[in-house]
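A.B. asks: Read off the chains here:
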Amino acid sequence: MRFERSHARGTAFVAVAGSLVLLAAACGSGDNGSSSGGSSSTGALDGRGPITFATGKDTSGFLPKQLAAWNAAHPNEKVELKELPEDADAQRQQMVQNAQAKSDAFTVLNMDVVWTSEFAANQWITQIPEDKVPDLGKLIPATVETAKYRDKLYGVPITSDGGLLYYRTDLLTKAGIAAPPKTWDEMLADCQKVATLPEAKGMSCYSGQFEKYEGLTVNFSEAINSAGGDIVDKDGKPNVNTPEAKAGLEELVNGFKTGAIPKAAITYKEEESRRAFQDGKLLFLRNWPYVYSLANKTDGSSKVAGKFAVAPLPGKTGPGVSSLGGHDYAINSFAKNKATAIDFINFMASEARQKANIEATSQAPTWASLYDDPTLQKQFPYLAPLKASILGAKPRPKVVKYGDVTAAIQAAAYDALNGTVAPDKALSDLQTKLQSLITN
Amino acid sequence: MTVSAPVAERPVRKPKRQQRFDEGTGRLAAILLSPTLLVLAVVVLFPIIAALRESLFQSGQHLDANGFVVQGSQFVGLRNYTDIFKGDTGHRFWNAFYNTTFFTVVCVVLETVLGVAMALVMAKAFKGRGIVRASILVPWAIPTVISALLWKWVFQADGIFNAIIGTQVLWSTEGWQSKLSIVIADTWKTAPFIGLLVLAGLQTIPAEVYEAAKVDGANAWQTFLRITMPLVKPALLVAVLFRILDTLRIFDLPFVLVGAHKDSVETLSMLAFDEAANVRYGPAAAYATVLFVYVAVVAYLFVKILGADVIGEARAKKPGGGAKGKRRRDREAAPSIGAAAASNTGMGV
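For the record, the sequence lines run as chains A and B.
For the first sequence, the working numbering gives the first residue as 1, with consecutive numbering after it.
For the second sequence, the working numbering gives the first residue as 1, with consecutive numbering after it.
Hints are computed from structural coordinates only; laboratory data are not their basis.
Warning: the hint list may mix true and false statements.
[Stated by the list, open to error] Listed below are the simulated PhoX-like cross-link pairs for lysine-lysine, each with C-alpha atoms no more than 20 Å apart in a straight line:
| # | chain 1 | residue 1 | chain 2 | residue 2 |
| --- | --- | --- | --- | --- |
| 1 | A | LYS132 | A | LYS433 |
| 2 | A | LYS257 | A | LYS237 |
| 3 | A | LYS269 | B | LYS86 |
| 4 | A | LYS263 | B | LYS152 |
| 5 | A | LYS132 | A | LYS152 |
| 6 | A | LYS336 | A | LYS78 |
| 7 | A | LYS355 | A | LYS378 |
| 8 | A | LYS394 | A | LYS138 |
| 9 | A | LYS433 | B | LYS86 |
[To be verified] Label-pair ranges, simulated between beta-carbon atoms:
| # | chain 1 | residue 1 | chain 2 | residue 2 | range |
| --- | --- | --- | --- | --- | --- |
| 10 | A | SER293 | B | ALA163 | 52 to 60 Å |
| 11 | A | PRO50 | B | VAL169 | 36 to 44 Å |
| 12 | B | THR101 | A | GLY176 | 58 to 66 Å |
| 13 | B | ASP88 | A | ALA73 | 48 to 56 Å |
| 14 | B | LEU38 | A | ALA73 | 46 to 54 Å |
| 15 | B | LYS304 | A | THR59 | 47 to 55 Å |
[To be verified] Some chain A residues flagged as far from chain B (calculated, every beta-carbon gap over 12 Å):
| # | residue |
| --- | --- |
| 16 | HIS74 |
| 17 | ALA99 |
| 18 | ASP112 |
| 19 | GLU145 |
| 20 | ASP170 |
| 21 | ASP185 |
| 22 | GLY236 |
| 23 | ALA247 |
| 24 | ALA264 |
| 25 | ALA265 |
| 26 | SER301 |
| 27 | LYS307 |
| 28 | ARG353 |
| 29 | SER369 |
| 30 | SER436 |
Keep in mind that this is a model prediction, so the values were computed, not measured.
Even glycine gets a Cβ: it sits at the ideal position worked out from N, Cα and C.
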């Protein structure tokens, strides 16, 4: 018994010593890695050859065709698709890990519009001189704004997205209302008129997305921007402790209190709210354009097919302000062949490619001209209101610590909507929290 | 050998010859075992030490004049640890600590009671016993993330659960109901695990013991308390210990079923994940280390106080001393059960 234990101790010592060697090696490499960073990110856009394109899972099946079009024209500078998970957080995580390893595995990154500041501040993506993007002036200005950090361009917007107000035309017409509401007060008045109809039994007035997740940040931002407030002002300072912001938040809080917004909406993400609208439980719904074709399906999954239309979001005194969605393409700082990369991005940003993309996937383009194309308008009847929505849209807060900022916004908004914290206290607490997150 | 060494060793019981034998085999054993130990060092020891090291550093917290993050990581000593306990993060930490402990205590107690009941049912001989055993084990076979999605669907605003109880409870919002939904889902999933291990323990109890009890005139309750429970205790303790360790690091069930950043169900693992997702690896490693220490302390106390025999060392340590024959036998049953449990939890809970 005893001798077994004594030599076990001896071998344990060998193991510990071995791992200490490993540890020393790890420390060494870690320090080397962190001390030499950053210098490569301001380099010129040079180098030609094969590149890779990292993007979230392509659910449409159309992306390979786009890439094939590029590859056919550029046999020596082929692009290879690197498909990341469907979930946005998982995509960001993989891109961050690659950047921290200074890997050149991804050349072009397909980034959510809210990541730009974090990636640019960490010098994970390369600054792009504006003269390298010839069509930049033809894109909707709000979308170009999402790709900028401290007034410098770090990406090119390829797709956009804006919130729309879906409304039940059949019920509004029956109640004698001709046009969709432009303000919140008009919307609530319309609801009261419709509520007297027998068809409106068991229906609620309005819903957006109010579960504690990114969608809540979007809906909260829209409410505040639509009332004339800001979360972060033009100088990048938090600015939520204002009468305008309070008016915006109170509109949502009162909606929950009076029942205009159903209680269950606090658990709604995009899909739950879409289902509620499709099941005929909502008169008005705030959601993205993707809902249009699903709610119009005549296979029995939707009870409102052909009975609804879309309009820009309502606001406090006039049309509301949407939050901008969409994706920008950026270049990994540590990648090779950046000259090819910028050519590829320009190719994907071109009017022809964007038109092909919307036709196949119904993703909103960033070219202003495409929204006025009659054939596209016929195919996608929501294009005109969507253009209005995107033209007036504002980006969500452009901050380096976006993850922390959006979590703070969600916490404040959620507590206010739940009725556990008064709106003005929620906003003043949020202001304090944002100041600590944004100042340094 | 030198003359002095045996003189010094003389008081020790071992004779000289055996000592030399030990040295030879010791070296051979060290050579033969070193690949295994090296692999263990790489996959177990190295990550722990690397995490400990990481928890003493911070990076990327400041911007320079151009708005770029200052590169390089900075040694901050124990600051990541002290930051956990103070201010806003302290409030968040103690809330998560409470939630983690709450889930562990409530879930494991419920699972143990239900698990033992299931094992007793499964051990009975009746028609269709195979089907009952298989169906009880189905929840355990489903990956946690999948069962979390399943329960999310059950608990949603217009879900089945609300339809059954006839009122609209918003399960995924903050409050007692979200805690309850986690307890229900976790108990549903893992009570069968305890049932499985206890069943294995039950089957090592010889039928003669029960026959003897019957002859002595013991009723069912006495038989359960005096025979079944003591004899099944080693297996049960191992099962409970594994469940405690699993529940202390619970992550996927609250994360998927209720959601991130919800105070009512946020656990220590979720805090570490959240820090890492926001690229603060130092504080994330500190959270993970605090959780690691908490798990280790709980496991140590559990083993010391209740005497759970996880690796069968009791048999090796005291061959015959003190323990009565019956006791020794049930301790012998434990190692194989412990090994079975280990391979089971390896699948991920």
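A.B. asks: Confirm or reject each hint.
C.D. replies: Checked hints:
no.: 1; hint: A:LYS132 <-> A:LYS433; result: violated, 39 Å
no.: 2; hint: A:LYS257 <-> A:LYS237; result: violated, 31 Å
no.: 3; hint: A:LYS269 <-> B:LYS86; result: violated, 34 Å
no.: 4; hint: A:LYS263 <-> B:LYS152; result: holds, 18 Å
no.: 5; hint: A:LYS132 <-> A:LYS152; result: holds, 13 Å
no.: 6; hint: A:LYS336 <-> A:LYS78; result: holds, 13 Å
no.: 7; hint: A:LYS355 <-> A:LYS378; result: holds, 14 Å
no.: 8; hint: A:LYS394 <-> A:LYS138; result: holds, 18 Å
no.: 9; hint: A:LYS433 <-> B:LYS86; result: holds, 16 Å
no.: 10; hint: A:SER293 <-> B:ALA163: 52 to 60 Å; result: violated, 30 Å
no.: 11; hint: A:PRO50 <-> B:VAL169: 36 to 44 Å; result: violated, 56 Å
no.: 12; hint: B:THR101 <-> A:GLY176: 58 to 66 Å; result: holds, 60 Å
no.: 13; hint: B:ASP88 <-> A:ALA73: 48 to 56 Å; result: holds, 54 Å
no.: 14; hint: B:LEU38 <-> A:ALA73: 46 to 54 Å; result: holds, 52 Å
no.: 15; hint: B:LYS304 <-> A:THR59: 47 to 55 Å; result: holds, 54 Å
no.: 16; hint: HIS74; result: holds, 33 Å
no.: 17; hint: ALA99; result: violated, 10 Å
no.: 18; hint: ASP112; result: holds, 14 Å
no.: 19; hint: GLU145; result: holds, 16 Å
no.: 20; hint: ASP170; result: holds, 23 Å
no.: 21; hint: ASP185; result: holds, 28 Å
no.: 22; hint: GLY236; result: violated, 9 Å
no.: 23; hint: ALA247; result: holds, 25 Å
no.: 24; hint: ALA264; result: violated, 4 Å
no.: 25; hint: ALA265; result: violated, 9 Å
no.: 26; hint: SER301; result: holds, 15 Å
no.: 27; hint: LYS307; result: holds, 21 Å
no.: 28; hint: ARG353; result: holds, 32 Å
no.: 29; hint: SER369; result: holds, 33 Å
no.: 30; hint: SER436; result: violated, 9 Å
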